[in-house]
Amino acid sequence: MTEFFADPLKFYQLHPGWLFVTATLLPLLSFVLIFLASGAWALLRRYRDDHVGIEQLYHLFGGDKGGRLAAYIATAAIGLSFVLSLTGFILFNFVDGDKEQKRDAQEAKIRETRELLVLVSGLDKELEKSLHDEEAELTAIDARWAGRFDWLRIAPAITNDPQRGTALQLGFRIDSLAAIMFVMVTFIATLIHIFSIGYMSDELPETVEDHQVHGEHGHLHRRGRFGRFFMYLSLFCFSMLNLVLADNLFQVFVSWELVGLCSYLLIGFYYERRIAANAANKAFIVNRVGDAGFIIGLLILWTYVGTFNFEDLFRQIRAPVRVSSQIPWIDGGGTLLGGQVVRSTAEPSSGRIKIAGPDQPVSADTQAVLFPRDPKTELYGISGEMGVHWGVVDKGTQLLVSTNPDPEQFGVMPYWMLVLAGLGIFLGCAGKSAQFPLQVWLPDAMEGPTPVSALIHAATMVAAGVYLVGRVYPLFTPEVLLVIAYVGGITLFVAATIAVVMTDIKKVLAYSTISQLGYLMLAMGVGGWTASLFHLITHAFFKALLFLCSGAVIYNCHHEQDMTKMGGLFPKMKITALAMLAGVLAISGVPGFSGWYSKDAILAQAFGFVWVHPGHILLFLLPLVTAGITTFYMFRMWFLTFAGKPRDAHVYEHAHEAPWVMTVPLIVLAVFSVCVAWGRQPWNPEESFLAENISESQPASVIADFGRVETDPLWKGGRLKDETHSERYLAQENHALAGNLALGVVALGLVFAALLYYYRVLDSEESKEQFATLHGFLWNKWYFDELYSAIAVRPALTVAHWFKWFDLTVIDGIIHFVAFATVRVSKWDGLFDHHIIDGLVNVMGGAVSRVGNGLRGVETGSLRNYVLFLVLAAVGIFLVLTWWVAMVMAG
Amino acid sequence: MSDVGLTHYLLLGAVLFVCGAVCMATKRNAIGILMGVELVLNGASINFVAFAHFNRAFEMEGQVFALFVIVLAAAEAAVALAIVLNFYNNHATVDVDTAEELKG
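If you read the protein sequences in the order shown, they are chains A and B.
FYI, our numbering numbers position 151 of the first sequence as 151, with every residue one higher than the one before it.
FYI, our numbering numbers position 2 of the second sequence as 2, with every residue one higher than the one before it.
Here chain A stands alone, though its shape is the one from the complex (with noise of 0.2 Å):
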């Protein structure tokens, strides 16, 4: 901190990776200021009239009208991030861009120089010193990206496992996925910040009246929310930075939950609106689901492998890279696994580890080797042949060869238990992505404003969910990987098929981001790691773009989102048609547009899996087909807005183009939307710095479980599988055809979408009415709904009514019969105490007083008397004296 203060740009200089953190900073810091402003302001407005001074603060802070303050800090702070970004990604593409390079050509040597080891045992001395000062120099490198220290510490459990964790730990390690999704996230959400100022104005007055919601006395009357606004933007932006930025898996999940939590107060903005706050509702809880299911996973990793952080996870679970085939001691060459998944049949404590071959079944005993974390010795190299043979180079000069490893530096979990770990946190990616069958939420959540369906659409909630899968990729097998890729086919057809029936506009932007997102998982699934972040982040552009656009148009239009009631607004408001047209293009995949390129690439990809693969040929022809059932409801929703006649004079009338500070980010956004995806050859889909700098952050594991292209950089020597036959070599192979098909594909859509919607050729009331059982079905939205409403919805009230009988009948009998019981027995205990308690008391008390009152006579206040009393006491104890001495006296 010192270091930071003394000198902030030396220490950015030193540290670069912490232009990131403060990037991720800042808007919780603009969440904050707005936070206790308000706060400040809310205590001023109660006491503004009891003091001048008061007053004047009040006004200071904006009076009863609020002002513009909040926006500004929060679009300052988030404008700063996206600049903060943009230098980190260029520092580290850029000045510390050739690390990867240097890596790889370190490794070689060192191979080299182990292999020639064997040959000539023994070091050279000088070899090795410049080996180690190459390895520090990239440890350096490293450091300048990350960082990390305990949060909190947790007791040692009773156990010698040094692997178990001990601590939760906050931390950061930036490559260029992170920094690339810094840069998008920010920029996108700079924008979205400008265009809300625009957007929200209508929040800025001291009442505003909501005409949604009816009252007792017409429509609700309530105070701005335009700071509130920007608040909630604020804090969304941060938990979305903070989980890009995040290094270990439990940072990912506070962040996680954080961003659930925003978008519950931000779909539930206008939470007077039933709707709305049913809306929020559903989100919230739909994404717990999904959440189980990532803390499902996440407690199987803490068990098991005993440590959050990703790199720390996959070394353990992922056989190491730098592994060889070519070892020449082991007979007959052996099964290269560098960056695999070892399945074993025997625990290590038998002294062997017995790794399956790749066709040998899994059962339920498979276990899944964990490797050290922080090997002693480097593993070189390992062979499936009769047993196991691990060649162990010392890091020293020593060179090693053990037939069996040292069962101290391994472990074993069982093989299932890591499926279901990747089940798990995909199913917490589902509920986030808004994956089948968790997708429900995401249309309803088209209840807040349209701004925040942007954002949560396009930047950051949603993005999240395949986000994470990109992350953790290493840590799902290869059975996870098929499910997420079904998951990913079954959601983009169904979404996609309703949005052709959608007529609310923003509802077809919520189900095509659906329908895109599936694109994103199916891609995850078939081995196209690459080709689903590419395509994130050129869809987070243009899906902000389409979004923001619809937003424009709703706002001046006066709200309304039916498409049925617009029609041929592009005269009235040119810049967002054509704005709107840009980003069409860009999501149908129209050559030159962003969206071309990393649909391509997930098409390509889908295409060598299933060539691989022929069994699961749906999972090429349903992303093939629905590419132009894409292209058609975009072209009908833009169709429906802009062309033809206007269908509502009322909405035709108020319509016009939106204030400068809505349009300027649709400009930005279309010009990216078109060109982020752009590469030295623009014509050709193959060639992206986008895509290039995205591969370069890819896990080892995609080379192992899917085969090698020909230009990977991170390959070196070793075959895994049959080069020719793996998924990503087919499918770099076979780009063009999948290129191509999906383009008639699009084409065939887009002449659908004419015929109907523009030049009218086929009446589409009359189709709908020709197929209105289908256009029932796609209508109630496959019945997703009611299915849920009848399976969890229904039996939950149900089972509720039943314990409200219960609670009412059994519970509340027991109780009422208690207390009837227990008045009973007070009432006995009363009377008891009452005749016989009481009674005692008051008898003796009553006789004391008696016996006083009698003897109140003797006092009579004559001396005389009581001279007399007692000269009779003492003749009378006399008398008695004198008996007594008399009686011992006789006797």
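No lab work stands behind these hints: they were computed from the structure.
Note that CB positions come from ideal geometry on N, CA and C, so glycine has one too.
Worth double-checking, as some hints may not be accurate.
Stated by the list, open to error - On the chain A side, residues computed to face chain B include the following (Cβ under 10 Å): (1) 870; (2) 871; (3) 874; (4) 877; (5) 880.
What the hints assert, rightly or not - Across the chosen pairs, the derived CB separations fall in these ranges: (6) 827(A) <-> 100(B): 28 to 36 Å; (7) 56(B) <-> 885(A): 32 to 40 Å; (8) 884(A) <-> 100(B): 30 to 38 Å; (9) 53(B) <-> 885(A): 20 to 28 Å; (10) 78(B) <-> 869(A): 20 to 28 Å; (11) 10(B) <-> 876(A): 19 to 27 Å; (12) 101(B) <-> 851(A): 21 to 29 Å; (13) 869(A) <-> 101(B): 18 to 26 Å.
Use these hints to put chain B onto chain A, whose structure you have.
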């Protein structure tokens, strides 16, 4: 007539005591009552002195007690007369029957 012995002294003491007691019980005049008290005390003193004379075991004790009684009587008379004087100041009489404010 035999010699004057212990019994005579005791009889004298008893007569004096009874005279004193009767005086206390019958007089309404506070001064009279005080006189009765003196008689009772002197009766007792005669007993002490008589026992001291006739019983060697009580030689000293009898004398000392008698002296104590005399001193006590003097002190008592002083205090009692002061009370009487005050009583007279308040009630303009020394009739003890009027002192009945504290009766039950």
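Do the hints match the structure? See the list:
At about 8 Å, the closest approach between the beta carbon of residue 870(A) and any beta carbon in chain B falls short of 10 Å, and the interface hint on this residue holds. For the restraint placing residue 871(A) at the interface with chain B, the shortest Cβ-Cβ distance is roughly 5 Å, inside the 10 Å limit, so the hint holds. Interface restraint check: residue 874(A) against chain B, minimum CB-CB distance 8 Å, threshold 10 Å, status holds. Checking residue 877(A) against chain B: minimum C-beta separation of about 14 Å lies over 10 Å; hint violated.
About 18 Å separates the beta-carbon of residue 880(A) from the nearest beta-carbon of chain B, more than 10 Å, and the hint is not met. Distance hint for residue 827(A) and residue 100(B): a CB-CB separation of about 53 Å, inconsistent with the stated range 28 to 36 Å. Checking the proposed 32 to 40 Å range against residue 56(B) and residue 885(A) shows it is violated: the Cβ atoms sit about 22 Å from each other. The hinted window of 30 to 38 Å between residue 884(A) and residue 100(B) holds, with their beta carbons roughly 37 Å apart.
Restraint check, residue 53(B) to residue 885(A): a C-beta distance of roughly 23 Å satisfies the suggested window 20 to 28 Å. Take residue 78(B) and residue 869(A): their Cβ atoms lie about 26 Å apart, and the range 20 to 28 Å holds. In this structure the supplied range 19 to 27 Å holds for residue 10(B) paired with residue 876(A), their Cβ-Cβ distance being about 20 Å. Our hint of 21 to 29 Å for residue 101(B) and residue 851(A) holds, since their Cβ atoms are close to 24 Å apart.
Taking 18 to 26 Å as the suggested C-beta distance range, the pair residue 869(A) and residue 101(B) conforms, at roughly 19 Å.
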